[in-house]
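Model the full assembly from the supplied sequences, consistent with the hints where possible.
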Amino acid sequence: MDQQCFNEVLSFLVELLHMNFFPDLNQDSLQFMMKKGSCTSLLCALVVVLVVLAEARVTEAVTCNALELGPCLGAFTSSQAPSAACCNKLREQRPCLCGYIKNPSYSKYVNSPNARRVASTCGVPYPSC
Numbered sequence: 001m002d003q004q005c006f007n008e009v010l011s012f013l014v015e016l017l018h019m020n021f022f023p024d025l026n027q028d029s030l031q032f033m034m035k036k037g038s039c040t041s042l043l044c045a046l047v048v049v050l051v052v053l054a055e056a057r058v059t060e061a062v063t064c065n066a067l068e069l070g071p072c073l074g075a076f077t078s079s080q081a082p083s084a085a086c087c088n089k090l091r092e093q094r095p096c097l098c099g100y101i102k103n104p105s106y107s108k109y110v111n112s113p114n115a116r117r118v119a120s121t122c123g124v125p126y127p128s129c
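Counting in full-length UniProt numbering, the sequence shown runs from 1 upward without gaps.
Be aware that a few hints might be false.
Using C-beta positions, here's what the derived DEER-type ranges look like [to be verified]:
#1 S11 / R117: 44 to 54 Å
#2 C129 / N65: 35 to 45 Å
#3 G123 / N65: 13 to 23 Å
#4 G123 / Q3: 17 to 27 Å
#5 G70 / Q3: 51 to 61 Å
#6 G74 / P104: 20 to 30 Å
#7 A61 / R117: 24 to 34 Å
#8 C98 / T77: 48 to 58 Å
#9 Q4 / P127: 45 to 55 Å
#10 E8 / P125: 11 to 21 Å
#11 R117 / G70: 12 to 22 Å
#12 G99 / Q3: 43 to 53 Å
#13 P113 / G70: 12 to 22 Å
The hints are simulated quantities; they were obtained by calculation from the structure and are not laboratory data. Where a beta carbon is used, it is the ideal one built from N, C-alpha and C, also for glycine.
Written as structure tokens, this is what we have:
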């Protein structure tokens, strides 16, 4: 990788980090951190940042709506096994679970032992809010 390309990648990385994580970061401080590193380590750091940002954008795209968990109601209120539709919705609504747990209207369903069992069966980590 030539110096011009390296500088462009470095500038891009600084901008991404600056906008999303470290408002005080500048190109000089990143160059100092990368002084002993190689272009490969810089590119690896860029990939990590892009993956984190992509994950954050996916999380932002979820619309929290407790009614989306309708397919899970039977499993939440009885010993019924969760359906595939329930597990899919539970995975989709995972970023919203803490909000549901804190909401008195939903907490009796989402914070029940059956809800914990359903989450475990579906492979969805139960949040600790």
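Verification of the supplied hints:
no., hint, verdict
1, S11 / R117: 44 to 54 Å, "holds, 50 Å"
2, C129 / N65: 35 to 45 Å, "violated, 18 Å"
3, G123 / N65: 13 to 23 Å, "holds, 22 Å"
4, G123 / Q3: 17 to 27 Å, "violated, 47 Å"
5, G70 / Q3: 51 to 61 Å, "holds, 58 Å"
6, G74 / P104: 20 to 30 Å, "holds, 22 Å"
7, A61 / R117: 24 to 34 Å, "holds, 28 Å"
8, C98 / T77: 48 to 58 Å, "violated, 21 Å"
9, Q4 / P127: 45 to 55 Å, "holds, 46 Å"
10, E8 / P125: 11 to 21 Å, "violated, 39 Å"
11, R117 / G70: 12 to 22 Å, "holds, 18 Å"
12, G99 / Q3: 43 to 53 Å, "holds, 49 Å"
13, P113 / G70: 12 to 22 Å, "holds, 20 Å"
Hints 2, 4, 8, 10, counting from the list given before, are not met by this structure.
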